[in-house]
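A.B. asks: Residue numbers (full-length UniProt numbering), protein chains in the order written: chain Z, 1 to 131; chain P, 1 to 131.
It is possible that part of the hints are untrue.
What the hints assert, rightly or not - Derived DSSO-like pairs (lysine-lysine); straight-line CA-CA distance at most 27 Å:
1) Z:81 / Z:38
2) P:38 / Z:81
3) P:38 / Z:38
4) P:81 / Z:81
5) P:38 / P:81
Bear in mind the hints are in silico, worked out from the structure with no lab data behind them.
Number of protein chains: 2
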Amino acid sequence: MSKQEPLPVLGQTDACCPGLLTAPLSTEQADQLAPVFKALGDPVRLRLLSMIASRSGGEVCVCELTPSFELSQPTISHHLKLLRQAGLIDCERRGTWVYYWLLPEATDRLAALLTRPAGDQLPEPAVGGHR
Amino acid sequence: MSKQEPLPVLGQTDACCPGLLTAPLSTEQADQLAPVFKALGDPVRLRLLSMIASRSGGEVCVCELTPSFELSQPTISHHLKLLRQAGLIDCERRGTWVYYWLLPEATDRLAALLTRPAGDQLPEPAVGGHR
């Protein structure tokens, strides 16, 4: 189930996580990062990711995910595939079922990208009165 | 320019930021949050957001954004509108131009959602050998 390489999350070519808020992204960085956010831009996938990520045992059988949705198993599997292609989760087939787990490095990187530098208060706009 | 209410970022109904990684999202939470990630799921919008967010003066004239893209100004304005509707930026018209600035509370909330609880090491999957 891991034959298909996940999309690279920003950070592989930028060792120290440049941050979305500290400098303009290059075209290449934006092209790498957008598909990851796009994968998160769907309520079913967000719920699936949160169900997988919050699992105390660290992984979840697809058979435990589908009952929470009024969707067919192929549809759920498609959403899971998109999360996997985005590098957010991985999976392994064991017998009848496929088991999924979070790749926490991916969410760590996204969190870092969206975190303001320590102690950084973004400056107020030069012309005030509208905040 | 602020007549249209932005989409509510998760956190307005959940005062203490439940986190995407700590508990399964409700359908309502996922429905609120997905459009924000969807707004980030496009390379042009990511570049625009990073250009606005990293602006030392705190705000940027649209006239300074468009030259970085091989896109028409209406197209750029459309992308900016989607970022604004997602609650990530706001803007104000002054004379000929519209000025944009980051709403850092929104990116702070997203970062918090994607951050593992302090000291939390996600448990290894019960069945090993595949990480």
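A.B. asks: Look at each hint and say if it fits the structure.
C.D. replies: Cross-check of the supplied hints:
no. : hint        : result
1   : Z:81 / Z:38 : 13 Å, holds
2   : P:38 / Z:81 : 17 Å, holds
3   : P:38 / Z:38 : 5 Å, holds
4   : P:81 / Z:81 : 30 Å, violated
5   : P:38 / P:81 : 13 Å, holds
In summary, the structure is inconsistent with hint 4 from the numbered list given earlier, while agreeing with all the others.
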